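Fit chain B to the known structure of chain A by using the hints.
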Amino acid sequence: MKISSSQSNKLCIALLLISAPALFISVWISCCLIFAVAVLIVLIEQQQKLEEQLLQQLNEVLREAGVGSTGSRIVGIDPSGNLGEACWAVNDLLDQLESVFREQIAAFNKISGGGKFRMIEESGLHGGFRKSANRTNTALHLITSQQQKLADDLFLGRLDGINSSGLLVNLENSHEDLIDVSQVVDSLSAFATQSAEAAIEGTDESRQATEQIEHLARQSAELEQAVNHLHGEGNKALEATKQIDVIVKKVNLLALNAAIEAARAGEYGRGFAVVADEVRKLSEMTAVFSNNIRNSLTVVANDAGHMQKAAQAMNAATQNSLNMTYRVKEKLDMVSSSASTSSNSSHLAKSLTVASLAKLDSFAMKQVAYSVAHKQENHSTLSSGSIDALTAQLPESHRGRIYSLAETLLSSINAAVDSVRSGNQDVSVFESMEKANQNIISAIDAAISEIRNTTEVGENGCARIELF
Amino acid sequence: MKFSAQPTKTEKLMRDEDFIVSKTDTQGRITYGNRIFQEFSGYSEKELLGAPHNIVRHPDMPRGIFKFIWEELGKKNDVLAYVKNMAADGSFYWVFATMTPTFDSAEKVIGYYSVRRAPSRESVKTMEDIYRRMLAEEAKVKSAAQPEASLRLLKQVLDEKGLTYEDFILSI
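Just so you know, the protein sequences line up as chains A and B, in that order. Taken in order, the first sequence gives residues 6 to 473; the numbers are from the working numbering. Taken in order, the second sequence gives residues 172 to 343; the numbers are from the working numbering.
Just so you know, the hints here were simulated from the structure itself, not pulled from any lab data. These figures come from a predicted structure and were not determined experimentally. C-beta: ideal position from N, C-alpha, C; glycine also. Careful: at least some of the hints might be erroneous.
Unchecked claim - Derived CB-CB ranges, DEER-like:
no., chain 1, residue 1, chain 2, residue 2, range
1, B, Q327, A, L161, 23 to 29 Å
2, A, L45, B, S291, 51 to 57 Å
3, B, Q327, A, L88, 53 to 59 Å
4, A, N419, B, D275, 50 to 56 Å
5, A, R140, B, S291, 43 to 49 Å
6, B, S291, A, L365, 52 to 58 Å
7, B, D275, A, L45, 41 to 47 Å
8, A, Q12, B, T197, 28 to 34 Å
So here's chain A without its partners, still in its complex pose (with noise of 0.2 Å):
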């Protein structure tokens, strides 16, 4: 503005010194009208190059907005006039619409990030951008509810993935523990045929024995009367015997008389004559008496061989009956063993029974957590009875880890249903389960495997049967 007054006044000064005083006035109100003139023209042409301005930049923004970039927006509008109020409104209205669009590209980014449901928010929005955040918001909470059907299905999925899982792991191990009592329970039936059969045959072998026995009673009856006939037939060489006494003395009369004889020798050949018929005579009885005798010893020797044959007979049998009543000892031995063995045995195939049960209840305990996670009523109480039941039996080693193992199970269980019942989706805390469940399952079937392993049975068992 001073540039312009001071032209204007040099303006003045030349045409003061041209021109008449006279003029004076009259050119100083032109002066004044052109300094008005020249003044306007400025404050015009700044006005028009602001709104110049500012139209370029509403051109500018409305363009951006036409292609969908609503980030640019109109400054400078001070002072403000109806093309500042038109700019104003502008920016309001790409105020309104940038922070829609921005709400609703975070709410989705949120939604397809796995995020949590965040709302468009629709205070200071206006008209029609309010209706299309509230119209968003609606269709977000379908999306949303939609999505947490879908999270929970999932969730629910996968919990039935570990569940299917641990079952059949489950099942495996009790189709196995099955597997184990069939077995023990096969070979304590095997030790009853087996038995049984050791039985009979100890009842055979024993009539066996008997029949021995009786046999050896025949032998010694008959051995007896052997030696009865033995006796007789001794007696009757003693009276042979006492014959030749006889005979003796007689030949001794006729050995005196025969002496005397001699003596007279005048009569010759009348008492020779008696004397050889004695003699004649005494021959014919000695052989007769030695006849007997002869067959007396014959008979005698004979005796005496069939007693010894008895004897033999007798000492056989003897044998046999010795070793006849020893397998019997045997084969009754055997029956005790196989009992003392299927007693084992039953003892063992108890213990597999209550520990397969206490598995199985454990199985089932856990699955009330799956259960609570269906939202199903499940009635089974969570207990460790069962398990408390198989400890008692297990050495005392195992007792107190199993003990604390299956606390630990019944707290994991209880955590899986207090996480769920409080809506968490973790399925961290059902594998934990799984996990407490593995573990007290490990220590129970290695408690049981010390259990078989002082047992004996099994194959050892059958092996030691068969021999016999």
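Here is chain B on its own, set in the frame of chain A:
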């Protein structure tokens, strides 16, 4: 020119339809402020353009909150916050602010965009209490350690509630 005003006890209340919008460059200098912003801040458009955004910062706000906001924006995240702002005349106004980074076509941050709406009175009451406690923590330590100190308290408050910052803000 910043903090030239002394805070007064006069409060300006935002109406439901009020919608403050402002933009800054990456340095936090204002590149745009709408008329509602001008109305509540008491600054003209001319005064606002090029000024740092903390031109409206109120001394009752803990420094930790702004540290948190800038960290989140630095991670290209949106941030929600209840903020007590100070106008040119020293009066104050509470806002519920949504701050988002602005990206260019190469996904590079070229500035920030902030919308402020009318907060509910209950939310303001809750945050006022938390900010007061955060400020008390800041008062205990040297200037450089203040943001950390008040953020520790905020984290403690959130941990007690078992909520993330955003969940907590959306819950009140």
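Hint by hint, here is what the structure shows:
1. Q327/B <-> L161/A: 23 to 29 Å: violated, 36 Å
2. L45/A <-> S291/B: 51 to 57 Å: holds, 54 Å
3. Q327/B <-> L88/A: 53 to 59 Å: holds, 54 Å
4. N419/A <-> D275/B: 50 to 56 Å: Holds: the Cβ-Cβ distance is about 54 Å, inside 50 to 56 Å.
5. R140/A <-> S291/B: 43 to 49 Å: Cβ of R140/A to Cβ of S291/B: about 23 Å, so the range 43 to 49 Å is violated.
6. S291/B <-> L365/A: 52 to 58 Å: holds, 57 Å
7. D275/B <-> L45/A: 41 to 47 Å: holds, 44 Å
8. Q12/A <-> T197/B: 28 to 34 Å: violated, 47 Å
Violated hints for the displayed structure, listed by number in ascending order: 1, 5, 8.
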